[in-house]
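*Asks:* Protein chains in written order, with numbering that gives the first Met the number 0: chain S, 0 to 83; chain W, 0 to 615.
Take these hints with a grain of salt, some might be off.
[Claimed, not checked] The calculated lysine to any residue pairs, modelled on SDA-like cross-linking and capped at a C-alpha distance of 20 Å, are: (1) W:LYS480 x S:GLY46; (2) W:LYS407 x W:ASP317; (3) W:LYS280 x S:PRO15; (4) W:LYS280 x S:GLN17; (5) W:LYS47 x W:ALA113; (6) W:LYS400 x W:ILE414; (7) W:LYS280 x S:ALA18; (8) W:LYS580 x S:ILE73; (9) W:LYS4 x W:GLN24; (10) W:LYS54 x W:ASP28; (11) W:LYS480 x S:VAL56; (12) W:LYS480 x S:VAL12; (13) W:LYS575 x S:VAL56; (14) W:LYS480 x S:PRO15; (15) W:LYS286 x S:VAL56; (16) W:LYS286 x S:ARG21; (17) W:LYS480 x S:ARG66; (18) W:LYS480 x S:GLU62; (19) W:LYS601 x W:LEU554; (20) W:LYS585 x W:ALA607; (21) W:LYS480 x S:ALA18; (22) W:LYS494 x W:GLU592; (23) W:LYS280 x S:VAL12; (24) W:LYS280 x S:ARG23; (25) W:LYS575 x S:CYS48.
[As the list claims (entries may be wrong)] Partner residues are not named here, just some residues of chain W that face chain S (Cβ under 8 Å, in silico): (26) GLN236; (27) LEU238; (28) GLN244; (29) TYR330.
[Unchecked claim] With the Cβ distance kept under 10 Å, some of the chain W side facing chain S (calculated, not the full set): (30) VAL233; (31) HIS270; (32) GLU329; (33) VAL474; (34) THR486.
Hints were generated in silico from the structure; no laboratory data involved. Since this is a predicted model, take the numbers as computed values, not measurements. No residue lacks a Cβ here, since even glycine has one placed at the ideal position from N, Cα and C.
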Amino acid sequence: MRITLKLFASLAVHLPAQARSRHRVEMDVEPGTTVAEVIRRQGIPPGQCAIVLVNGVWVAPPERAARVLAEGEILAIWPPVAGG
Amino acid sequence: MAWTKNVLRVNLEAGTCTTEPLNMQWAQDYLGQRGLATKYLVSEIDPKVDPFSPKNKLIFVTGPLTATMAATGGRYSVVTKGPLTGAIACSNSGGYFGAELKFAGWDMVIFEGASPKPVYLLINDGKAELVDAAHLWGKTVWETEETIKTQHQDPQIRVAAIGRAGENRVLYAAIVNDLHRAAGRSGVGAVMGSKNLKAVAVRGTRTDAYQMANPEAFFAATEAGKKVLAANGVTGQGLPTYGTQVLMNVINELGALPTRNHRDVQFEGAHDISGEAMHEKRPTDGKANLVTNGACFGCTIACGRISRMDPGHFSVKDKPQYHGASGGVEYEAAWALGAANGVNDLEALTYANFLCNEDGFDPITFGATVGAAMELYEMGVLTEQEVGFKLPFGSTEAMVKLAELTAKGEGFGKIMGLGSKRLCTKYGHPELSMTVKSQEFPAYDGRALQGMGLAYATNNRGACHLRGYMVSPEVLGIPVKMEPQATEGKPAMLKAFQDLTAVVDSAGICLFTTFAWGLSDIQSQIQAACEGDWSEERLLLVGERIWNLEREFNLAAGFTAKDDNLPPRLMKEPAKTGPQKGAVSKLDIMLPEYYQLRGWTKEGVPTAETRSRLGV
Numbered sequence: 000m001r002i003t004l005k006l007f008a009s010l011a012v013h014l015p016a017q018a019r020s021r022h023r024v025e026m027d028v029e030p031g032t033t034v035a036e037v038i039r040r041q042g043i044p045p046g047q048c049a050i051v052l053v054n055g056v057w058v059a060p061p062e063r064a065a066r067v068l069a070e071g072e073i074l075a076i077w078p079p080v081a082g083g
Numbered sequence: 000m001a002w003t004k005n006v007l008r009v010n011l012e013a014g015t016c017t018t019e020p021l022n023m024q025w026a027q028d029y030l031g032q033r034g035l036a037t038k039y040l041v042s043e044i045d046p047k048v049d050p051f052s053p054k055n056k057l058i059f060v061t062g063p064l065t066a067t068m069a070a071t072g073g074r075y076s077v078v079t080k081g082p083l084t085g086a087i088a089c090s091n092s093g094g095y096f097g098a099e100l101k102f103a104g105w106d107m108v109i110f111e112g113a114s115p116k117p118v119y120l121l122i123n124d125g126k127a128e129l130v131d132a133a134h135l136w137g138k139t140v141w142e143t144e145e146t147i148k149t150q151h152q153d154p155q156i157r158v159a160a161i162g163r164a165g166e167n168r169v170l171y172a173a174i175v176n177d178l179h180r181a182a183g184r185s186g187v188g189a190v191m192g193s194k195n196l197k198a199v200a201v202r203g204t205r206t207d208a209y210q211m212a213n214p215e216a217f218f219a220a221t222e223a224g225k226k227v228l229a230a231n232g233v234t235g236q237g238l239p240t241y242g243t244q245v246l247m248n249v250i251n252e253l254g255a256l257p258t259r260n261h262r263d264v265q266f267e268g269a270h271d272i273s274g275e276a277m278h279e280k281r282p283t284d285g286k287a288n289l290v291t292n293g294a295c296f297g298c299t300i301a302c303g304r305i306s307r308m309d310p311g312h313f314s315v316k317d318k319p320q321y322h323g324a325s326g327g328v329e330y331e332a333a334w335a336l337g338a339a340n341g342v343n344d345l346e347a348l349t350y351a352n353f354l355c356n357e358d359g360f361d362p363i364t365f366g367a368t369v370g371a372a373m374e375l376y377e378m379g380v381l382t383e384q385e386v387g388f389k390l391p392f393g394s395t396e397a398m399v400k401l402a403e404l405t406a407k408g409e410g411f412g413k414i415m416g417l418g419s420k421r422l423c424t425k426y427g428h429p430e431l432s433m434t435v436k437s438q439e440f441p442a443y444d445g446r447a448l449q450g451m452g453l454a455y456a457t458n459n460r461g462a463c464h465l466r467g468y469m470v471s472p473e474v475l476g477i478p479v480k481m482e483p484q485a486t487e488g489k490p491a492m493l494k495a496f497q498d499l500t501a502v503v504d505s506a507g508i509c510l511f512t513t514f515a516w517g518l519s520d521i522q523s524q525i526q527a528a529c530e531g532d533w534s535e536e537r538l539l540l541v542g543e544r545i546w547n548l549e550r551e552f553n554l555a556a557g558f559t560a561k562d563d564n565l566p567p568r569l570m571k572e573p574a575k576t577g578p579q580k581g582a583v584s585k586l587d588i589m590l591p592e593y594y595q596l597r598g599w600t601k602e603g604v605p606t607a608e609t610r611s612r613l614g615v
């Protein structure tokens, strides 16, 4: 099953080197893989995952271990950021 | 006391500068900066006055924490009746000018009347004089600052000036200080131009300008505040590294990035103009757009962007004056100059942003007006003949050309200088102006984020993100996460944000501290700096009083509940793509509750009880 992982700002270092400039990579995962499992597999410190969106929809920290990803979904993650 | 207790009153018509004591009762009721200057303005001008009349006044004002050890304590504001909106205008800026003004011994400078000839105000501590500015008129902000410093042989003079946009009364002209910090919105620079006032130049060296109520407690409170900012992921790492521009991809993924005059809510070129892109090496010259970050006076966050353009870019190829490092795009500017028009060329955005700084005009309103003009052009309402060139969405060349014409006040730039409301009205389509009270939206779609829609509709200075930043709960989860499409709880959260923001804007510190600081962190610093009891409850009451005072001014100026509205596009045209697909604004659900929470009638007027409770 193929999903898209997008890691922005300082989290881009957890992407393969060739994917960092576009901040995205397509990856194959087993059916049933959760958001928390992708975070762990990529070696991203969970405390650095401040904004986690699946297809643009917020996934709160307590929901990440239960949120199962589906074929074609986009998982996007940011460290603590803000603007104005 | 953290106030200097001195007001400088400058009568531009008579050419006089006089000193008067600060009204300390008003300081107790309105704190400083935004609140206190609004109280002075409301007390001294007719709300119905023409903003360009000599009877309008222009107030430069600091807060009690300006020029202190408080982190970000470098803010000042400019308060006047705004020409873009006809409403109260209060525009806030950082840099070093505000602190310098306070170190010279002044809480506030009130300009009244209009000078018969161009002048600038020169302040050297307690001495103030109006100086002939004939040689500066027609010059840019950057030329003006350099000329004044050279003329007085003092590189440490701080200058706030207008460029040609302010002189030409571009309705969204800014006042720019320290070359690239700006009191940017609502056209305060055009009022300055109407008064023939080119610049305010200040040298402040007094160590006795103000006294702290409790110095030891102030050291402790400010030290604790700085530790909170440093330890917070947003203010300690996110903002210094990526600036506000890091939001570009966040807001786009969320489907809340207004694109092509709000026809779309996602921009396919967002990544190309994002904070991340500013860090990437360009294929053309191998260098990144971003050179370093920058900080204002006393700031321990340092979110500012310092950029250097690709010297081979078509816009600056033969203009070496733009090849050096200068103020780069913040999120709002990058959105307005880019996504709002469909332009994804980061270098072109940086150039247009340089022009906005150099000649003093608001990139948000300018960029949004370009978007409106492009839509009129694509509809065939606006023709190539009238504009002088083709103007389709996504045309980098057209956006750059319009920025140059607006800066100089030439050709179609004169029309652009009116803003989108007047532009769209002139061509028979006022509904295509993406504005509230004639001021353009910033970079968040009011359909996609319901709370931001309410914030825009109720904002006292027209559409703006800085008076109730509902993006915090709706996108960032600060202080709690609220679903973008939910309406429940939004009016109450917005009211709390608006009142708190009025306190921050009146204290002399930067709003960005509130990504980390709660009210208690701010309260302890104000309490230690200012005599008297400044409890959290009292501060929120001060904030609510300020909000209502601004509202009363607008009502007296002729605004009604009908002006607390959003353009039909946001009310009727559903968002086309992304997670908010199908959304329209639910303003009609939220607004009545908001009025009720504010203690206003159904017509949006503060009740007698509310007026009595707040003493407005």
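*Asks:* Which hint numbers doesn't this structure obey?
*Replies:* Result: hints 10, 12, 14, 15, 20, 21, 25 and 34 break, sorted rising.
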